[in-house]
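Asks: Here are the chains, one letter per residue:
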Amino acid sequence: MSPKLDLDVLDRLHNCSILSAAQFDLPLMQELSKLAAYLQLRKFPAGHALDDKIMAAAFFEPSTRTRLSFESAMLHVGGKTLSVADAKTTGVAKGESMRDIGQMFNSYADVVVVRHTQQQALQQLTEYMRIPLINGGNGSDEHPTQALADWYALMKWRPELAFGTLPEQFRLTIGIIGTPGNMRTVKSFLTLALLFHKNINHITIFSEMADPLGAELRALTNASPITFDFSRNLKQSLEYLDVIYMNAIAFLGDGYRFFGDEFSLSSQSQLKTDTVILHPLARGEELGTCLDDTDHNLYFNQADGAVWLRQALLLAIFGRVRNIVPRELIK
Amino acid sequence: MSPKLDLDVLDRLHNCSILSAAQFDLPLMQELSKLAAYLQLRKFPAGHALDDKIMAAAFFEPSTRTRLSFESAMLHVGGKTLSVADAKTTGVAKGESMRDIGQMFNSYADVVVVRHTQQQALQQLTEYMRIPLINGGNGSDEHPTQALADWYALMKWRPELAFGTLPEQFRLTIGIIGTPGNMRTVKSFLTLALLFHKNINHITIFSEMADPLGAELRALTNASPITFDFSRNLKQSLEYLDVIYMNAIAFLGDGYRFFGDEFSLSSQSQLKTDTVILHPLARGEELGTCLDDTDHNLYFNQADGAVWLRQALLLAIFGRVRNIVPRELIK
Amino acid sequence: MSPKLDLDVLDRLHNCSILSAAQFDLPLMQELSKLAAYLQLRKFPAGHALDDKIMAAAFFEPSTRTRLSFESAMLHVGGKTLSVADAKTTGVAKGESMRDIGQMFNSYADVVVVRHTQQQALQQLTEYMRIPLINGGNGSDEHPTQALADWYALMKWRPELAFGTLPEQFRLTIGIIGTPGNMRTVKSFLTLALLFHKNINHITIFSEMADPLGAELRALTNASPITFDFSRNLKQSLEYLDVIYMNAIAFLGDGYRFFGDEFSLSSQSQLKTDTVILHPLARGEELGTCLDDTDHNLYFNQADGAVWLRQALLLAIFGRVRNIVPRELIK
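Chains as they are written, first to last, in our numbering: chain A, 1 to 331; chain B, 1 to 331; chain C, 1 to 331.
For the record, the hints were derived by calculation from the structure and aren't laboratory data.
Bear in mind the structure is a predicted one, so any value in this text is a computation, not a measurement.
Treat each hint with caution, since some may be false.
What the hints assert, rightly or not - Simulated crosslink set (DSS-like; lysine-lysine; CA at most 25 Å straight-line):
no. : chain 1 : residue 1 : chain 2 : residue 2
1   : B       : Lys198    : B       : Lys43
2   : A       : Lys331    : A       : Lys272
3   : C       : Lys198    : C       : Lys88
4   : B       : Lys156    : B       : Lys4
5   : A       : Lys88     : C       : Lys198
6   : B       : Lys4      : B       : Lys43
7   : C       : Lys88     : B       : Lys88
8   : A       : Lys88     : B       : Lys156
9   : A       : Lys331    : A       : Lys4
As the list claims (entries may be wrong) - Facing chain A, from chain B, some residues (calculated, C-beta under 10 Å):
no. : residue
10  : Thr64
11  : Ala73
12  : Lys198
13  : Ala219
14  : Glu286
15  : Gly305
Backbone N, C-alpha and C fix where the C-beta goes; we use that ideal spot for every residue, glycine too.
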């Protein structure tokens, strides 16, 4: 792994909208995570990098956690924020078209983060944007920056994942609890997982659904050298899982659904000693707080890192990385 | 038109509250629009002009659009913002007096933008303010900064409106769809229209009401050299209208009412080739999106410009114009 | 009184959470109020002191007034703000644990102000915080920064209170309207009052409750040299009260209760000419607006000062006082 940043790779994000995890490849993941790590380690000052930029956070579905994570990221690099914490109750007219909404953010901001209950809203919006748009979660479709943060946590935990080749016996087996076909965080996480196929042997998906992938993801997983299987028995599988990805929330229509006991983890769970757990919080009953003070807990690290990964992303989108990185860290 | 700014004119806004479009005269419109245009063209840096100032946005009636436009304006010139996106649900006690509310903003901010459902709320509030107050829309009364943005768009479209004298045959005929007597944006727009009487021949008001002006506005229009008439037949009038001002919203009590088909514009409408349409969005059915990609569309320009016009206004209110404008642009 | 600041005293707040008025002693009150006064008088620039710091305002119970006061304070000293105006409606999941919420703010901010309806929520939260937490009002328990602002107003009104010894005949008699045992502002105010025992002769508590203090406060008042009594007859006591502390709000369960006429003040009330009234607004019927323009009104001063006192507190918590105070003002 070169400690130097390849700005040509990061420049591919310049002025880009971020709609899907599928926009990222391994080099982008490498450079973004290196930049995020440098920011998190305060390797160089970045507090005024986006002084002249405004980010709008437009949450048509409320999410304090994601909104504050983005706003905190923007503030850390000197940017300013416009906040629509809950578009439903704060005045965007019912039935207002995505075009008019897009036009509004074009006029007011330099980048906009949008969360929406409807999958197609983001795609509609992007047609009218003159400024980059970041998908902050769209219905049951995608939540790409959450997945970037998930993998940033895993890359810090096991740097060889992105920057080397693990010996065969150390390649990872990952358990994903949830239904990638209709849960946005799980879908985006799985999409990025495919990029690390050199170091992942196997992925087991734990879901109650008959077809947890759906056609689109099944095509991708079929084409991957990673082997997949599906299970409803998490307990029996714990002995071989290196990474467990969990999620509290299943979108079924407009509602949420919590999984039952069989997909829960607690201090009773027979985890391998070096298994790590990821969870894009907030959590429900499925993840016992008794695990918080154990080495299995990578989820707090994940939430911490998300703010820095999002800073890296914003800096790349605005083409400002070269303004702050010292020359000796540039390839 | 002199490209130089007359700061004596802009200084008349120093420390002033902005309650009504009637506070503005033609020289103020000229200087504000020139300043806004310089800001929009980035003629000189203004990003730190209000670094030490705080603007509170107090929306007792929610309006994402107006709130974000003001907040974006303040952030563009370096100011900071306090945001009350929906005073009803975020803790201003029911029945709290305007005096106590005014006192609160005196303590916390350097300028306050207020939107309220009640016309008289702003007038009450202004009695107790030690800081400038900007009317962001008060019931069915006024929305002066919207009208400033409307006319800023028109002045960019046809600079002679403010800075010259059009030959008789080119003087404008304007159609206003709505009821100035009880629609705030329409009232403020019409009030400013009277300032441009040298270059406006005629205004037709399209309204279902028997008396769309009311006594106060009728006195003003009667005194104006502009001729007025009233109509319920928009289609027949399209052939002679140079500017059409539309608005989705009629305040009738606490509710909204959308106009019917007869007051709508779409690609079917027989507009003159050079007619421009203004609409202070959000829109309803009355303005077809098929017009968005035509030269008739001045409404997106209008929304864009609003952010810059509001910056000009804030800079004038804080007396900071001379701090940022280079000497060669000062009269 | 030395005009110089004793930074050793203020350093005791460095990185500290502020949960209770009981954390403060007289030297801290002296130094905080001197610092607040210097800030309010603009004795030295402080507008960039916290440029690199982020404050989250997390209001699980909405309060526009307290939230904006803290946000305004943070913005005045250059800090940035993350705002959760109403946690209930903007996406913090029901039943989300205090630990996960604390973790979230650890990741996103450098200090967090929390208001909550539940007394024990703050104590739970503080166990998990790696960043300082400021109690912005927790149920019926405490509102320590309100009390700091109350006493800052009194110290400006009568500096000898904190910095000298009043002759016996000028020592204060204070009337507190409310029930310290279950009203947070009153409890915090009374707790700080005990620090000024050298200059306070007597406190009368006006309450409808049989036991307005409760066991905890009774132990403290019994140990104080200040004499206490309890009354339900405010009118008869007005002739001897130098300071009257009022409060609109009694927390009874989750609701509010307004006191009746017997605990109200108006222009009819027979106040001594030099009596001052404190009220941590918003007010109800209990405090007539006719008193606003009299010398009895210390409550507007109190609201003004709160923003500056909170700036002093934030600067001390971040250990940044010595960065901004000129050497000649440091002891």
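Asks: All the hints need checking, so say for each whether the structure fits it.
Replies: Cross-check of the supplied hints:
1. Lys198/B / Lys43/B: violated, 30 Å
2. Lys331/A / Lys272/A: violated, 39 Å
3. Lys198/C / Lys88/C: Between Lys198/C and Lys88/C the Cα gap is close to 44 Å, so the pair fails against 25 Å, i.e. violated.
4. Lys156/B / Lys4/B: Within the cut-off at roughly 16 Å; holds.
5. Lys88/A / Lys198/C: Given that 25 Å is the threshold and the Cα spacing comes to 55 Å, the pair is violated.
6. Lys4/B / Lys43/B: holds, 12 Å
7. Lys88/C / Lys88/B: With a Cα-Cα distance of about 14 Å, the restraint between Lys88/C and Lys88/B holds, given a limit of 25 Å.
8. Lys88/A / Lys156/B: violated, 34 Å
9. Lys331/A / Lys4/A: Distance ~5 Å between Lys331/A and Lys4/A Cα, so the pair holds.
10. Thr64: For Thr64/B, the interface hint holds, since the closest Cβ of chain A sits about 4 Å away, which is under 10 Å.
11. Ala73: It holds, given that the least Cβ distance between Ala73/B and chain A is near 9 Å, below 10 Å.
12. Lys198: At about 31 Å, which exceeds the 10 Å cut-off, the nearest Cβ of chain A leaves the hint on Lys198/B violated.
13. Ala219: violated, 34 Å
14. Glu286: Violated: closest Cβ of chain A sits about 13 Å from Glu286/B, beyond 10 Å.
15. Gly305: This interface hint holds because 8 Å falls under the 10 Å limit.
Violated hints for the displayed structure, listed by number in ascending order: 1, 2, 3, 5, 8, 12, 13 and 14.
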